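Dock chain U against the given chain W, drawing on the hints supplied.
Residue numbers (the UniProt record's numbering), protein chains in the order written: chain W, 1 to 160; chain U, 1 to 160.
No lab work stands behind these hints, which were simulated from the structure alone. As the structure is a computational prediction, the values presented were derived from the model and not from experiment. A hint or two may mislead.
Pairs count within a copy or across copies, as identical chains cannot be separated in the list.
To be verified - Straight-line distance between alpha carbons at most 25 Å, and here's what the computed SDA-like set of lysine to any residue pairs gives: (1) 107 x 41; (2) 40 x 108; (3) 108 x 49; (4) 44 x 127; (5) 6 x 63; (6) 40 x 111; (7) 124 x 32; (8) 44 x 18; (9) 107 x 134; (10) 44 x 133.
Protein chains: 2
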Amino acid sequence: MAKAPKICSIGVRLLAFAATLCAAIVMGTSHDSATVLNLKFDAKYSNSPAFRYFLIVNAVVSVYSLVLVFLHFKNLDWRVLVVLDLVVTVMLTSSFSAAMAVAYVGKKGNTHAGWLPVCGQVPKFCDHVTGALISGFIANILYFLLLLYSLHSVLNLFML
Amino acid sequence: MAKAPKICSIGVRLLAFAATLCAAIVMGTSHDSATVLNLKFDAKYSNSPAFRYFLIVNAVVSVYSLVLVFLHFKNLDWRVLVVLDLVVTVMLTSSFSAAMAVAYVGKKGNTHAGWLPVCGQVPKFCDHVTGALISGFIANILYFLLLLYSLHSVLNLFML
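Bound-form chain W, shown alone:
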């Protein structure tokens, strides 16, 4: 890989590291409580398996991104990189979509199933989850672009 694109790729990887770390921290600190009819109602990320999955994936990917930034300076086999980036992109997509689906039910509810929205009662929790999802989505896009870029550098994609 030439020097300028390599530095650019490391920059994008650092951004992805920041985005995934931010997503994991913001999701991990999401907490709010409300009292409805004298019953205390606690909202935190660990109440939903989808949010737990989102946090774990983003934490793992942030560590991976940082490790890759250091390894990048050595001669890492680009074929390994393509496969690892593919797995990471699929994991990020999966965790974002699952968390997004549950967050949507939390925000809008589902009258057909009798599930009421909870964001009115715990707005702080919902704001945190929204922030984490935005950050996770940015990381997802960055990894998708990194993967396309890695594929391009080995397959010369845009010279069809």
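Below, chain U alone, put in the same frame as chain W:
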């Protein structure tokens, strides 16, 4: 691509076509109703945006798979194939994860958010959704393998 691996790849693509078509049809026909406290309660896939998204993605991918099977006999550029398969894999992963997250809430509920499980009332609907998810998961795995295989054939992945 050599003749035997090409036929094998077409076979896997046909299986993926069957799996996505099956997932779309089974999700599309999921319907059940129950009466709770004299209130009729209707359950169908279109009540949830995640299930609608799952159906649309699987229907689109089934058409794509069939078109690819026919195009495969001509000389399709493998670089285009890799990028298309990557997009399809990401779309399948995303739709499966979103639908799975909502189906999990439907099955187990979420006591913290006050969302009750609905599968006790509408078991036929839940059976259909489960079937569709299994089929969608199989399609997802098949496309992931197809993508790894396409990458392998152009990058020689396993000869590190």
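Structure-inconsistent hints, enumerated in ascending order: none
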